[in-house]
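Number of protein chains: 2
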Amino acid sequence: MPGISVGFIGLGLMGRPMSRRLLAAGHPLAVANRSRPSVDALAAEGAAACASPAEVAERAEVIFTMLPDAPQVEEVVFGPEGLAGAMKPGSVLIDCTSNDPRSAERVAGAMAERGAHFLDAPVSGAPEGAEGGTLAIMAGGPKEVFERCRPLLEILGGKVVHVGESAGAGCIAKLANQILVGVTFLGVSEALVFGAKAGLDPAALAEVMSAGLARCGALEVKAPKILSGDFQPGGKVSSHIKDLRYALAKAEEMEMPLPGASLVAELFDSLRAAGEGELDHIAIVRAIERMAGVEARAKG
Amino acid sequence: MPGISVGFIGLGLMGRPMSRRLLAAGHPLAVANRSRPSVDALAAEGAAACASPAEVAERAEVIFTMLPDAPQVEEVVFGPEGLAGAMKPGSVLIDCTSNDPRSAERVAGAMAERGAHFLDAPVSGAPEGAEGGTLAIMAGGPKEVFERCRPLLEILGGKVVHVGESAGAGCIAKLANQILVGVTFLGVSEALVFGAKAGLDPAALAEVMSAGLARCGALEVKAPKILSGDFQPGGKVSSHIKDLRYALAKAEEMEMPLPGASLVAELFDSLRAAGEGELDHIAIVRAIERMAGVEARAKG
Numbered sequence: 430m431p432g433i434s435v436g437f438i439g440l441g442l443m444g445r446p447m448s449r450r451l452l453a454a455g456h457p458l459a460v461a462n463r464s465r466p467s468v469d470a471l472a473a474e475g476a477a478a479c480a481s482p483a484e485v486a487e488r489a490e491v492i493f494t495m496l497p498d499a500p501q502v503e504e505v506v507f508g509p510e511g512l513a514g515a516m517k518p519g520s521v522l523i524d525c526t527s528n529d530p531r532s533a534e535r536v537a538g539a540m541a542e543r544g545a546h547f548l549d550a551p552v553s554g555a556p557e558g559a560e561g562g563t564l565a566i567m568a569g570g571p572k573e574v575f576e577r578c579r580p581l582l583e584i585l586g587g588k589v590v591h592v593g594e595s596a597g598a599g600c601i602a603k604l605a606n607q608i609l610v611g612v613t614f615l616g617v618s619e620a621l622v623f624g625a626k627a628g629l630d631p632a633a634l635a636e637v638m639s640a641g642l643a644r645c646g647a648l649e650v651k652a653p654k655i656l657s658g659d660f661q662p663g664g665k666v667s668s669h670i671k672d673l674r675y676a677l678a679k680a681e682e683m684e685m686p687l688p689g690a691s692l693v694a695e696l697f698d699s700l701r702a703a704g705e706g707e708l709d710h711i712a713i714v715r716a717i718e719r720m721a722g723v724e725a726r727a728k729g
Numbered sequence: 430m431p432g433i434s435v436g437f438i439g440l441g442l443m444g445r446p447m448s449r450r451l452l453a454a455g456h457p458l459a460v461a462n463r464s465r466p467s468v469d470a471l472a473a474e475g476a477a478a479c480a481s482p483a484e485v486a487e488r489a490e491v492i493f494t495m496l497p498d499a500p501q502v503e504e505v506v507f508g509p510e511g512l513a514g515a516m517k518p519g520s521v522l523i524d525c526t527s528n529d530p531r532s533a534e535r536v537a538g539a540m541a542e543r544g545a546h547f548l549d550a551p552v553s554g555a556p557e558g559a560e561g562g563t564l565a566i567m568a569g570g571p572k573e574v575f576e577r578c579r580p581l582l583e584i585l586g587g588k589v590v591h592v593g594e595s596a597g598a599g600c601i602a603k604l605a606n607q608i609l610v611g612v613t614f615l616g617v618s619e620a621l622v623f624g625a626k627a628g629l630d631p632a633a634l635a636e637v638m639s640a641g642l643a644r645c646g647a648l649e650v651k652a653p654k655i656l657s658g659d660f661q662p663g664g665k666v667s668s669h670i671k672d673l674r675y676a677l678a679k680a681e682e683m684e685m686p687l688p689g690a691s692l693v694a695e696l697f698d699s700l701r702a703a704g705e706g707e708l709d710h711i712a713i714v715r716a717i718e719r720m721a722g723v724e725a726r727a728k729g
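Residue numbers (my numbering), protein chains in the order written: chain G, 430 to 729; chain U, 430 to 729.
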């Protein structure tokens, strides 16, 4: 879709670099954000500054949203001067928020009423992935709409996958992803603290585990943070709690248990109770360390 | 240690290719095994066939054992014509069994009484790793003994790490590794079954999760088995239960909880109760599938 006009609402840590990539690829870009400085910064680079979601909808054929959570998405869609009263027929809303799938269904309904389309397309890969265009993007919605939007999504992501036809399928995939991330974090934490408590050097243990079937992104990316005691975020405990709560609510609705994810959610809750909710989510190791009475820091 | 004489006791799926690599590297090799055909096969390739562990001890400076579990190790060491009465002073026993660390301590004591040395050096990497010499080897014992034996260990492994000075440190590392493997298996299982229950294609979900922080050996190696319903082992549920029982016993001794590993052990137990103990350990997904009432097989 060369030259198609694009909108971007939500210019935070993720949205800023994502919108910049779309602009750099030659797309006319209209932007809006709750706080003005981010809008002005993009406008200085050539984007059209808009005062409301409705104004973005007037200017763009495909509109991205990248927001913290469901309440912000619903405000942008259903709030005053929201997208629900302004989307043009045939236009597309692509929500990249890690959202509650039930919210995605509500938004899809509002788009259908306007004769517009909806994809929910959460991403994984942190601000570095957003800057480099290497995000993993998991998209739900009609396959045909997805395929039309694929060239835009591939400006943003290195792995762009259509995971299902229904609204909310992308959100479900992101929640599944967060279940797996959380559970591997727990595994890394228990393994390193167990080794440390038994007198092993956790750094040597992490090295040898990374060479076999136990290897994982959690070990590769987060073990250095554990070993050095660096819990600056990165993804936050509080954000991961949000994702797991949506996953557990969906699981409850489907009447299936998630024993591992439930355990991880409980441990994250214990971190929040200890005032550690704004730390990096690998701080889950601190919950295990407290129970074991030992820390898994590198020796020497 | 070019040309040093080596012994190998336990010529199973792992021991056979490992002993062959030592022979191919030019080391005189003496072998023993409970059943005779494996011994004869190695003898045909140039090894000296021995009738007992004691006979191996008479012929070799460094002796490897690679056995199913602690009872077999203790039989080879403390049983009739065992190593405990036959090791030469200054010789080294390297036990590659995924053993109980408490058994490793007993064996180390017996070696010390003979003036011999002991390393516990469990491996990760399956028969393919044993054949290719790419095993991850996690060794415990005196650093100086480890360094002397490193050239032999590097014939067998691509990643050879000294994890601690004490007897049993290698076993502890292997148990930590198995904690992490088991917990990542649980995470992969919950993520794929959650997605399948919600109507996603588990194959697409596995693909997109493998591109981000959720990536792990479990997903890479075992998701294809889940998607195709192939539970032929590979590592078995029953072996993994053994490892987790040793881990939980050690954790109990150290008075630390392992909530994730405990949950995984319970789910493995449920598989064994269902007559699935000899399936590949990724069959843990079947426990989650039964609870969810859906299977995570590839669509189409």
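Hints in this document: simulated from the structure, not taken from any laboratory.
Keep in mind that a hint or two might mislead.
Identical chains blur together in the list; that is why a pair holds if it fits in one copy or across any two.
[Said to hold, decoys possible] Straight-line C-alpha distance at most 30 angstroms; calculated DSSO-like pairs for lysine-lysine: (1) Lys654 with Lys728; (2) Lys665 with Lys572; (3) Lys588 with Lys654; (4) Lys728 with Lys572; (5) Lys728 with Lys588; (6) Lys517 with Lys665; (7) Lys665 with Lys728; (8) Lys588 with Lys671; (9) Lys572 with Lys654; (10) Lys588 with Lys572; (11) Lys654 with Lys517; (12) Lys665 with Lys654; (13) Lys671 with Lys517; (14) Lys728 with Lys517.
_Taking the earlier hints as the rules, which of them does this structure contradict?_
2, 6, 11, 13 and 14
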